[in-house]
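When we follow my numbering, the leftmost residue of the sequence shown carries the number 27, and every step to the right adds one.
Treat the hints as calculated values from the structure; they're not laboratory data. Ideal Cβ positions, reconstructed from N, Cα and C, are used throughout, including at glycine. One thing to keep in mind: the hints can contain errors.
[Unchecked claim] With beta-carbon atoms standing in for the labels, derived distance ranges: (1) MET27 x LYS76: 38 to 48 Å; (2) PHE223 x LYS321: 30 to 40 Å; (3) MET27 x ASP234: 23 to 33 Å; (4) SER251 x THR288: 17 to 27 Å; (5) LYS168 x GLU112: 19 to 29 Å; (6) LYS168 x ASP115: 18 to 28 Å; (7) ASN177 x GLY134: 17 to 27 Å; (8) LEU198 x ASP295: 21 to 31 Å.
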Amino acid sequence: MKYSVYGFGNALVDHEIAVTEEDLQSLEVKKSLMVLVDEARQQKLLSGIKHKIKKRSCGGSAANTIITSQQLDAKSFYSYKVANDEAGDFFYQDLKGHLVDSNFDQTGRPEGTTGKCLVMITPDAERSMETFLGITATVSEKQLDYDALKNSKYFYIEGYLVASPTAMDAVLAAKKFCKENKIKTSLSFSDPGIVDFFRDGMNEIVGDGLDLIFANEKEALSFTSTTSVQEAVEKMKQHAKAFVITRGALGSLVYDGKSLHTVDGFKVDAIDTTGAGDVFAGAFLASIEKGFEYKVAAKIANYAASLVVAKYGARLDENEISNVKKLMAEPS
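Work out the full structure, taking the sequences as your base and the hints as a guide.
Put into structure tokens, the structure is as follows:
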């Protein structure tokens, strides 16, 4: 296999912004959720807090995951859609700089507006997002590279794609292709609000089952319509051969197809939880690709996630990646 992970998701330029609780109230932002907005709303919002931007990076949930897996030496491919504008060029160059192959290595970028996500972080490290999808709202099967997918071990789906009819069609077509070619399928639920609002679509993506699902506690409870993690675990077994439920500072629960493992987290002073689940998924996928047992992969992924929440941004730097690799090299 040429690629360990083939990712498909919304391409957004993330703007990490430090705000106060009062800012959220005055701007009428829904705390701890991702909300889709139009460009006018986003520009108005941005004009009031532009001076508080801490960082800008190519993002979207799946992009963060794919870059993490690539950083940890799991060769990765990413399919996405950006426009021929400054933000689209920034996204493309940032992704290429991380040595991730993509569909835009072969095709040009169309006219339009590249999507952007305003990630507003309060002092309690919670992130609240308002996203204008822009051209990624029309991401479709045209962006899929079936030759690359056929040479991949895992197809990784970003749950946010459920909001786009063309993306949904592409996901279902790719899933069918994966089944025919014995490629493993994985999904991140992405956001509890997405699971709630697009429940039918999420059920359609999960279909008759996936190889691996990533969810946090809220997403797992919402998807399974349960009120306890224990109940959610039992119901999740009906939908995936394996799954991980992340629990923030408590670590994670991982079901490897046979046994459920509780894996402790790493204590840090959280500054920004943006990308924690994305980095976890990337580190987990890279770890199981290297042959680690699921419970060990979860430990490595917990550590990677703890590093990213201790700073602004959804990306690990070279020094942090080096520390994750050191943990990988330790006897398990």
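Hint check results:
The given range of 38 to 48 Å is respected by MET27 and LYS76, whose C-beta atoms sit roughly 44 Å from each other. Checked against the hint of 30 to 40 Å, the pair PHE223 and LYS321 passes, with Cβ atoms roughly 33 Å apart. Here the CB-CB span from MET27 to ASP234 is close to 24 Å, well matched to the stated 23 to 33 Å. A beta carbon spacing of about 23 Å between SER251 and THR288 agrees with the range 17 to 27 Å that was offered as a hint.
At roughly 23 Å, the beta carbons of LYS168 and GLU112 sit within the given window of 19 to 29 Å. Range check, LYS168 to ASP115: Cβ separation about 20 Å, and the 18 to 28 Å hint holds. For ASN177 and GLY134, the hinted distance range of 17 to 27 Å is satisfied, since their beta carbons lie about 23 Å from each other. Distance hint check: the CB atoms of LEU198 and ASP295 are about 42 Å apart, inconsistent with the given range 21 to 31 Å.
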